[in-house]
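Quick mapping for you: the protein sequence lines, in order, are chains W and G.
Take the first sequence: its letters are residues 1 to 433, numbered as in the numbering used here.
Take the second sequence: its letters are residues 1001 to 1143, numbered as in the numbering used here.
Keep in mind the hints are simulated off the structure, nothing from the lab.
Among the clues, some could well be false.
[Said to hold, decoys possible] Coverage of chain G stretches by chain W, computed from C-beta distances (three or more under 8 Å per stretch; other residues unrestricted):
id, segment
1, 1064 to 1074
2, 1101 to 1108
3, 1123 to 1136
[Stated by the list, open to error] Listed next, the in silico DSS-like pairs over lysine-lysine satisfying Cα-Cα at most 27 Å (straight line):
id, chain 1, residue 1, chain 2, residue 2
4, W, K415, G, K1060
5, W, K96, W, K39
6, G, K1060, W, K364
7, G, K1013, W, K415
8, W, K96, W, K386
9, G, K1060, W, K386
10, W, K410, W, K364
11, G, K1054, W, K394
12, W, K394, G, K1068
13, W, K397, G, K1060
14, G, K1129, W, K410
15, G, K1079, W, K415
16, W, K386, G, K1068
17, W, K408, G, K1013
18, G, K1068, W, K410
[Said to hold, decoys possible] Which bits of chain W does chain G cover? Going by a derived footprint, with three or more residues having C-beta under 8 Å, they are:
id, segment
19, 263 to 272
20, 365 to 379
21, 401 to 414
A virtual CB, placed ideally from N, CA and C, is assigned to each residue, including glycine.
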Amino acid sequence: MILDIGFETMPREDLEAIVLRRLKATIDHVYANVPFYRKKFEENHITPNDIKSLEDLKQIPFTTKKDLRDNYPFGMFAVPMDNVVRIHASSGTTGKPTVVGYTARDINTWAELMARALAAGGATRGDIIHNAYGYGLFTGGLGVHYGAEKLGASVIPVSGGNTKRQIIIMKDFGPTILTATPSYTLHLAEVAEEMGVSFRDLKFKFGIFGAEPWSENMRQEIEQKLNIIAVDIYGLSEIMGPGVAIECHEAKKGLHIFEDHFIPEIIDPGTGEVLPYGETGELVFTTITKEAFPLIRYRTRDITSLNPEPCICGRTHIRMNRVSGRTDDMLIIRGVNVFPSQIESVLMGINEVEPHYQLIVDRKDKLDTLTVLVEVEERLFSDEVKVLQNLERKVSKNIKEYLGVSAKVKLVEPKAIARSQGKAVRVIDNRKI
Amino acid sequence: MRAEQISVFLENKAGRLAEVAAILAEADVNIRALALADTSDFGVLRLITNDNQKAMQALKNRGFTVSKTDVVAVEVEDKPGGLNRILDILHQAEINVEYMYAFVQHNGKNAVMIFRIDAIDEAIKLLQKNNITVIEGSQVYTM
């Protein structure tokens, strides 16, 4: 179902007129209210008046994750805190998270876009939505939740974890739509099987999955095991959260970007040059309706391509293909963003030494597992086993506390971690996605 | 009256102990006493040799993590209750034994045990006061 026929199926010409108007308003807004942007514009001799067409957007320099970090926590906010009603955060590349804010209108916009996304994925107001995205600083849980309420569906805010309890709820409450990360979904399927519950006896019709990379193979596996139609959803907290782009269940071939709110570009990550439709590169977004946290040409680090072909569903909004990778070393483990540098900070924080370490990511029983190997150098070593075991526990506990992801810590002998050209290999990702 | 022990970090996998033994053999070092504490992932090998300095250097050269720790070597009567008497004395004084292991050789009629104790000087004084023989380090290495 298309929730907002007016905007979602708008002829391209009309849509582009609205986009330009909104872009100009956003440029005025950030120039007036975000010192970071005013400075950036001035350094590049750009004034808001120079942006006369969508083409002119290319003149403006990119915004990067580093810019957000330099302005931590609230430096990029474009409204006074009085007008901010919600704050979310996601992992940054160092110990500090990336912080985003929302005004009441931003929350409403987000809920509307998320409601559109749920509708595109097959949900209606009569549905019961089992929302297994995590609730908290992570935008997944609350983003889907507000969208479900906006749509008028019934939402079960079950969040992540307690898998057996989730299966019982699925059996007893009869939800018809599942929202979760794809890997957790496959884990749910396995636990259900162990408990003697068949998804074929449950009432699920559609599933809306995202927050981590997945593949066509995983889609087929989920659809077959859960007896549902599965669609891909895309979002990132910096731009808004889930609901930036959604696959329609009719085509299941690429995700429609809500272009009346976000301008997508694909660039060559090396040169920054804008690439034509169809070519693969780094996805860049400009928000054009956000009040509290507008971003101009934000480099997502996600690699994909754009497809302007008309879609059978009737939506006129451009489609992005599945995200195929990252331009940085970010890992997504059970939906949580993890940078190797964060693990390094945790290790440094414990002994003030920089140990050699390696992250090994696996997928066991459909769940991502993270093992952190730490080489035991003299400064970490003790003749007492309990001291070494406490070290393992402490590293594991701090990773959980700072990053929100469970890790098994394993102490290894010096030089046990492979070096390539003298440099330790920091990440081994054994997942077959 | 302290004796010196070296400890080696080992991953819990096949061949690691053999490797240590081979390195020590190559360095012409004789093992006098040893104990291995292990978990599912790793182990800590504690050794007393006839030349700890040489043993340590040889192991370090081959990339092992090695440390030195002071321990106490104590003569224990080789009869029922011999060990109990010593542990009792330490227990009464609330001195905690982190771990202990036995020496390969006897000293005359008595067995020799190695104790790893945090309050090491206090423990030595206490044992000597109770007429228990604490063996000098230099003597331990060449026993």
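Structure-based check of each hint:
Three residues within the 8 Å Cβ limit are the bar, and the segment 1064 to 1074 of chain G against chain W gives 5, so the coverage statement holds. Only residues whose C-beta sits within less than 8 Å of a C-beta in chain W count toward coverage, and the segment 1101 to 1108 of chain G has 0 of them, not enough to reach three; the restraint is violated. Counting residues of the segment 1123 to 1136 of chain G whose C-beta sits closer than 8 Å to any C-beta of chain W gives 0, which falls short of three, so the coverage hint is violated. For a cut-off of 27 Å, the pair hint linking K415/W to K1060/G stands: about 12 Å separates their Cα positions.
Using a Cα cut-off of 27 Å, the hinted pair K96/W and K39/W holds, with the two alpha carbons roughly 24 Å apart. A distance of roughly 37 Å separates the Cα atoms of K1060/G and K364/W; the hinted pair therefore is violated under the 27 Å criterion. For the proposed pair K1013/G and K415/W, the alpha carbon gap of about 15 Å is at most 27 Å, so the pair holds. Of the supplied pair hints, the one linking K96/W and K386/W is violated, its CA atoms being roughly 31 Å apart against a limit of 27 Å.
Between K1060/G and K386/W the alpha-carbon distance is near 23 Å, which keeps this suggested pair within the 27 Å criterion. Our distance criterion of 27 Å between C-alpha atoms is met by K410/W and K364/W, whose separation comes to about 17 Å. Straight-line distance between C-alpha atoms of K1054/G and K394/W comes to about 34 Å, which puts the hinted pair past the 27 Å bound. The straight-line distance between the Cα atoms of K394/W and K1068/G is roughly 24 Å, inside the 27 Å bound, and the hint therefore holds.
Taken as a hint, the K397/W and K1060/G pair is broken in the structure, with Cα atoms around 31 Å apart against an allowance of 27 Å. The hinted pair formed by K1129/G and K410/W fails the criterion: a straight-line CA distance of about 44 Å is larger than 27 Å. Annotation: proposed proximity of K1079/G to K415/W is violated, straight-line Cα distance about 46 Å (limit 27 Å). Only pairs whose Cα atoms come within 27 Å are accepted, and K386/W paired with K1068/G is accepted, the gap being roughly 17 Å.
Between K408/W and K1013/G the alpha-carbon distance is near 18 Å, which keeps this suggested pair within the 27 Å criterion. Only pairs whose Cα atoms come within 27 Å are accepted, and K1068/G paired with K410/W is accepted, the gap being roughly 23 Å. Chain G is given as covering the segment 263 to 272 of chain W, and this is violated because 0 residues of the stretch bring a CB closer than 8 Å to a CB of that chain, at least three being needed. Residues of the segment 365 to 379 of chain W with a Cβ under 8 Å from some Cβ of chain G number 3, which satisfies the need for three, so the listed coverage holds.
Only when three residues or more bring their CB closer than 8 Å to a CB of chain G does the claim for the segment 401 to 414 of chain W stand; here the count is 5, and the claim holds.
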